[in-house]
Amino acid sequence: DVKVTQSSRYLVKRTGEKVFLECVQDMDHENMFWYRQDPGLGLRLIYFSYDVKMKEKGDIPEGYSVSREKKERFSLILESASTNQTSMYLCATSPRLAVGELFFGEGSRLTVL
Amino acid sequence: AQSVTQLGSHVSVSEGALVLLRCNYSSSVPPYLFWYVQYPNQGLQLLLKYTSAATLVKGINGFEAEFKKSETSFHLTKPSAHMSDAAEYFCAVSSGGATNKLIFGTGTLLAVQP
Chain E
1 DVKVTQSSRY
11 LVKRTGEKVF
21 LECVQDMDHE
31 NMFWYRQDPG
41 LGLRLIYFSY
51 DVKMKEKGDI
61 PEGYSVSREK
71 KERFSLILES
81 ASTNQTSMYL
91 CATSPRLAVG
101 ELFFGEGSRL
111 TVL
Chain B
1001 AQSVTQLGSH
1011 VSVSEGALVL
1021 LRCNYSSSVP
1031 PYLFWYVQYP
1041 NQGLQLLLKY
1051 TSAATLVKGI
1061 NGFEAEFKKS
1071 ETSFHLTKPS
1081 AHMSDAAEYF
1091 CAVSSGGATN
1101 KLIFGTGTLL
1111 AVQP
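The listed protein sequences derive, respectively, from chains E and B.
Residue numbering for the first sequence follows my numbering, beginning at 1 and increasing consecutively.
Residue numbering for the second sequence follows my numbering, beginning at 1001 and increasing consecutively.
Derived from the structure by calculation, the hints contain no laboratory data.
Bear in mind the structure is a predicted one, so any value in this text is a computation, not a measurement.
All C-beta atoms in this analysis are idealised placements derived from N, C-alpha and C, irrespective of residue type, glycine included.
Hints are not guaranteed to be accurate.
Claimed, not checked - Computed footprint of chain E on chain B; a stretch qualifies when at least three of its residues, placed anywhere within it, have a C-beta under 8 Å from a C-beta of chain E: (1) 1036-1050; (2) 1082-1094; (3) 1101-1113.
Take the sequences, apply the hints, and build the full model.
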């Protein structure tokens, strides 16, 4: 089975702090994604990566950056956390040619005070 | 641009009743369509997918969906609801391609009453 592991299930941070969310996959998938999930808004794509050191902006990249130095690891960075970034963050992976078949981690619930 | 609209943010059915969750899509190219399910405190998992083969698609746990191009719809159904079906369901659309981007709907929370 594909395993997508997000480093923290629950985090509480203060406004202005730098926040790192880590995602590691064990299936050698080329594509990795970060989504944000909010009630009534569904999932919105923040960033995705289709190869090591490659990244593209999704629909809501403002206030976020990403890093992919190794194929199995994709990090989401909040340079200066704000209260409106309180949310559930979901990491997902997929093989390059498997259209639409994403494998998700369990999510990281971030609260910014 | 592509989008999906899920009608009804909350749906409640009785155990044993028909489940119908509605999804309409908008796409300027032939779409790939998906339903994902999220159980409490878990990530999403793929329920079923339409990739331009058969228009009636069967998925896991007895769910199925029918692609209707004339109605731009991809509604999810199950003949008989079970308590374990209580979850949030997301419809999604993709234009395909190597980067595999999905656009998700806002979700429908299904409650199953005993």
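(request) State the violated hints by number, sorted upward, taking the hints as numbered earlier in the document. (result) none
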